[in-house]
Amino acid sequence: MDRVVAAELLRTMWRIRLFEERVAQLKRSLQVHGLIHLSLGGEGVAAAVCRQLRDSDAVYSGHRAHGHAIAKGAPIDGVMAELMGRKDGICQGLGGSMHLVDTAHGFMGATGVVGGNLPLALGTALTQHLTGTDNVTVVFFGDGAVQAGHFNESINLAALWRLPVIFVCENNGMAEFTAREEHSTIERVSDVVAPYGFERITVNGSDVPAVYDAFGDFLKQARKGAGPYLLECVTYRRAGHYEGDPEKYRDPVAEQEWAQRDPLARMTARAITEGWVDEPTAGAIERHAAAEIEEAVRFARDSPFPDPELSAKLVYAR
Amino acid sequence: MTELDNDKLVWMFTQMLRIREFEERVKRTFEEHPGVIRGHTHLADGAEASIVGSLATLKPGDQLMATYRCHGYPIALGTDTKSIMAEIYGRKDGLCGGYGGSMHLVDPERGFMGTSGIVGQGIPQATGLAFAAQLRNRSHPPQVVLSFFGDGASKQGAFHESLNLASLWKLPVVYIMENNNYNVATRSEQEDANAAAGEPLSRKAAAYSMPGVTVDGTDPIAVYEAVGAAAGRARAGDGPTLIESKVYRLSAHGNIIAPPGVPLHYPEHEAITVFGNRAEYEAALRGDPVPRFRARLVEQSVLDQARADEIAQGVRDEMDAAVKFALDDPFPDPEAAAKIDYVYA
Amino acid sequence: MAREIPYIAAVQEAIRVEMERDPTVVFYGQDVAPSDEDPLVQAFGRQRVRVSPISETAEIGMAVGLALAGYRPVVELLMAEFMLVAMNQVVNEAPRLRYMSGGQVKVPAVFKAGYGFTAGWAGQHTGSIYGMFMGFPGLKIALPSTPADAKGLMAAAIRDDNPVCYLINYLLVLEHGDVPEGEYVVPFGEAAVRRAGSDVTIVATGWTVGKALAAAETLKAEGIEAEVIDPRTLNPLDTATILSSVEKTGRLVVVDQGTRHGGASAVIASEVAEHGFGSLKAPIAQVTALDVTVPYSEPMEAYVLPNEEKIAGTVRQVLGEAPVAA
Numbered sequence: 001m002d003r004v005v006a007a008e009l010l011r012t013m014w015r016i017r018l019f020e021e022r023v024a025q026l027k028r029s030l031q032v033h034g035l036i037h038l039s040l041g042g043e044g045v046a047a048a049v050c051r052q053l054r055d056s057d058a059v060y061s062g063h064r065a066h067g068h069a070i071a072k073g074a075p076i077d078g079v080m081a082e083l084m085g086r087k088d089g090i091c092q093g094l095g096g097s098m099h100l101v102d103t104a105h106g107f108m109g110a111t112g113v114v115g116g117n118l119p120l121a122l123g124t125a126l127t128q129h130l131t132g133t134d135n136v137t138v139v140f141f142g143d144g145a146v147q148a149g150h151f152n153e154s155i156n157l158a159a160l161w162r163l164p165v166i167f168v169c170e171n172n173g174m175a176e177f178t179a180r181e182e183h184s185t186i187e188r189v190s191d192v193v194a195p196y197g198f199e200r201i202t203v204n205g206s207d208v209p210a211v212y213d214a215f216g217d218f219l220k221q222a223r224k225g226a227g228p229y230l231l232e233c234v235t236y237r238r239a240g241h242y243e244g245d246p247e248k249y250r251d252p253v254a255e256q257e258w259a260q261r262d263p264l265a266r267m268t269a270r271a272i273t274e275g276w277v278d279e280p281t282a283g284a285i286e287r288h289a290a291a292e293i294e295e296a297v298r299f300a301r302d303s304p305f306p307d308p309e310l311s312a313k314l315v316y317a318r
Numbered sequence: 001m002t003e004l005d006n007d008k009l010v011w012m013f014t015q016m017l018r019i020r021e022f023e024e025r026v027k028r029t030f031e032e033h034p035g036v037i038r039g040h041t042h043l044a045d046g047a048e049a050s051i052v053g054s055l056a057t058l059k060p061g062d063q064l065m066a067t068y069r070c071h072g073y074p075i076a077l078g079t080d081t082k083s084i085m086a087e088i089y090g091r092k093d094g095l096c097g098g099y100g101g102s103m104h105l106v107d108p109e110r111g112f113m114g115t116s117g118i119v120g121q122g123i124p125q126a127t128g129l130a131f132a133a134q135l136r137n138r139s140h141p142p143q144v145v146l147s148f149f150g151d152g153a154s155k156q157g158a159f160h161e162s163l164n165l166a167s168l169w170k171l172p173v174v175y176i177m178e179n180n181n182y183n184v185a186t187r188s189e190q191e192d193a194n195a196a197a198g199e200p201l202s203r204k205a206a207a208y209s210m211p212g213v214t215v216d217g218t219d220p221i222a223v224y225e226a227v228g229a230a231a232g233r234a235r236a237g238d239g240p241t242l243i244e245s246k247v248y249r250l251s252a253h254g255n256i257i258a259p260p261g262v263p264l265h266y267p268e269h270e271a272i273t274v275f276g277n278r279a280e281y282e283a284a285l286r287g288d289p290v291p292r293f294r295a296r297l298v299e300q301s302v303l304d305q306a307r308a309d310e311i312a313q314g315v316r317d318e319m320d321a322a323v324k325f326a327l328d329d330p331f332p333d334p335e336a337a338a339k340i341d342y343v344y345a
Numbered sequence: 001m002a003r004e005i006p007y008i009a010a011v012q013e014a015i016r017v018e019m020e021r022d023p024t025v026v027f028y029g030q031d032v033a034p035s036d037e038d039p040l041v042q043a044f045g046r047q048r049v050r051v052s053p054i055s056e057t058a059e060i061g062m063a064v065g066l067a068l069a070g071y072r073p074v075v076e077l078l079m080a081e082f083m084l085v086a087m088n089q090v091v092n093e094a095p096r097l098r099y100m101s102g103g104q105v106k107v108p109a110v111f112k113a114g115y116g117f118t119a120g121w122a123g124q125h126t127g128s129i130y131g132m133f134m135g136f137p138g139l140k141i142a143l144p145s146t147p148a149d150a151k152g153l154m155a156a157a158i159r160d161d162n163p164v165c166y167l168i169n170y171l172l173v174l175e176h177g178d179v180p181e182g183e184y185v186v187p188f189g190e191a192a193v194r195r196a197g198s199d200v201t202i203v204a205t206g207w208t209v210g211k212a213l214a215a216a217e218t219l220k221a222e223g224i225e226a227e228v229i230d231p232r233t234l235n236p237l238d239t240a241t242i243l244s245s246v247e248k249t250g251r252l253v254v255v256d257q258g259t260r261h262g263g264a265s266a267v268i269a270s271e272v273a274e275h276g277f278g279s280l281k282a283p284i285a286q287v288t289a290l291d292v293t294v295p296y297s298e299p300m301e302a303y304v305l306p307n308e309e310k311i312a313g314t315v316r317q318v319l320g321e322a323p324v325a326a
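Residue numbers (my numbering), protein chains in the order written: chain A, 1 to 318; chain B, 1 to 345; chain C, 1 to 326.
A portion of the hints provided could be inaccurate.
What the hints assert, rightly or not - For lysine-lysine, the following PhoX-like pairs were computed, each having C-alpha atoms within a straight-line distance of at most 25 Å:
1. C:106 <-> B:92
2. A:313 <-> C:106
3. C:281 <-> C:220
No lab work stands behind these hints: they were computed from the structure.
Pulled out of the complex, with its shape left as it was, chain A reads as follows (with noise of 0.2 Å):
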């Protein structure tokens, strides 16, 4: 950690935080519609984690994908465009989001079935694997991914052929709108896959330094072909399950609460302490990042709508 990567960590956190507040507000006044998941709360891991990457890694997210697209570098004009459903949205409108996608970026996809993604890490970790490049595949998934099937049969055969994936769970102790007690008798889910004895770690999800530290560990080692590597991320989903969800099932978030676990809040308060940023220029990322943010809501509004007829194409490659 250092003042350049310090900084470029504050910066990509400060373009998810505000992207996703304004697509909320969006939502709210049905400027994009559909089914939307937050990462409010997310934003350290996602940094963390792709800021370490190339765009030749790949990276499989969930239904919660958003921060991990723009971490990774899909452009946050074309992922505005695409949740307002617009012709210049990275999936021309077609995906939404839950279903982005960036492959320039090595963004391979979010699926909106909970642990969809695993596998597929899994097939793209096993071709780095037998080109013998130093190439990884990153899966982020949830804690209500593991108690699925398919979720197991993943980390079986991940181990079994030691393929360079980093299973990244980002563990917010709540699956929908059930706590994690409700699904499984194990809390921590580095304890799930311990039968299997590969290399995992928990860290607190909203310490982004010892997120970048445990990551970077294991990158080095995947990148020589080791695997498999789980890093468990705690953090606290800030918002409901998806914009628009009442949450009768928690208490009301308290304040200081928030504020101890937002990893934003954090990451700010320890640049300046470790003197990575100061003040100034910590207000200045977040300045430039709002006018990001709204120079992506111009883009979006100004692209057109697809032309419907678009529906019946790419459904099979030629």
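Could you slot chains B and C onto chain A? The hints should help.
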């Protein structure tokens, strides 16, 4: 836990022999009456100690589900072997009227609630039986469910999901993995990360907060004790256990799969045909659980040779009669296939 | 006594009434009553009302086991697509066990899910995939289009001794309608004639019933009287009512929210083509979704789906009042 008295030990030996003799008859049918058995059969020879040791722990009202390698369970539970053989031969007086065949035996009255032909898919169903047992909360004695499956199934998502749920809800189920080290023609080390690391598969239990126990599945008493302890846990409301029962199947995975016109038969074990490891197979034959248990009981004076021979003769007669019955039994009326009553309740 | 309640409340009411009536009915699934304050938990306790993790194979497989053991589970799967994760249990286990056992066992289970929420839920959450289930004998399929049917068909599903895919259309959840109080059962296999007419038979499912009725009103002004039939259940399918209607009208338009191939409309159309050929004065026409994954962007999403205009236009074609599109 009750000590095993002589009667029970003799019962266990008898059931093991009955399973062995039955399975031998199935295998022989391919040679002696080609064309009579169609499709795919899977034999339990080598697993008798594990099956009987497990079933010896059952109390009235308990239930179980198994895989397509299912003949042994209803045999030990007392289902008429004539009807089982007739089912395998596709005859009208088969256990399921000829509708199911070798892989889909079911005898609900004796607690054998069925099988699945798809690896691992019976595990969640057995978990559902345990859920029902919990709902009933029967306490005299509390009901337990045994879920039998193979090591191949432990890679299936169904295994993971079921064990997690059973543990979370403390369902009264005992998961019995009969690990014969092969999944058809693949060795466990080729497909299981734990096996590849030389670890017991019972280690998987740690991911579900339940005890994982590995037991010698060729020793019926060891199995009885392990399953009995697990059943006791379940009956007491303490939840499920994973038991890895190590066995060696003495036949190939099943008879060959071939299109009509090609005679079906049992090839040699995959250890030989795929891996060229005859030594492994022969060592397993030397460790055959059935004659070993007989010898042990004779040595401990639970049985004498004369009695053992008498039992063996009785079993052979029973199984010969089963074959004869099945060969003579007519086929079902073809129109029975359209019996709407069996499509819909 | 009937009173107006929304479709979604009617479904819940059926579950509650049946659970009161029959202690073997059990309800569980993802996010089912996570809070102990939930009325179902308050009424029936945590044994019979449970929340389960994201484990479709286990959730559906357990339902099979529960059913074999004499209980009547209702499993909340949320979205029909999640049944695909456990496809084997839904189509290759639950509906087959009775038959393979020679009638010894039965599997009374309800797999409850929503479908067809074309409101930007995108490709994996917006399908109408039930058509494929028609190919699995032993598996019943109910598609309520009104609040009363939502209640009555759920009650029938729970009382049925067979596995049932009970699918609610998400676009209908807030529709209000008269729903009888207390026990109320709508039998399976009885189509409802939603509107009588003599010029054309429109068979429509789920959410498309409302669209067909709206098209019928438009057509009425043009002097065309359409008969609108809602099959309510795809299995069992009330072909007798459909055939007798076609005998009267001589023309059939089948409307379904799913795709053209491998869907419900194809099955219905083929039944009438074969058994009602003599009555037909024009070829049968189908109004279905395009054979594409449902796209996210609103105008594209609307483009691929059936709608009132497409239905009315197709009716005009079969009446020879508009050229048939290639």
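Status of the hints after comparison with the structure:
With a CA separation close to 20 Å, the supplied pair residue 106 (chain C) and residue 92 (chain B) stays within the 25 Å bound. Simply put, residue 313 (chain A) and residue 106 (chain C) have alpha-carbon atoms about 45 Å apart, too far for the 25 Å limit, and the pair is violated. At most 25 Å may separate the alpha-carbon atoms for a hinted pair to count; residue 281 (chain C) and residue 220 (chain C) meet this at roughly 20 Å.
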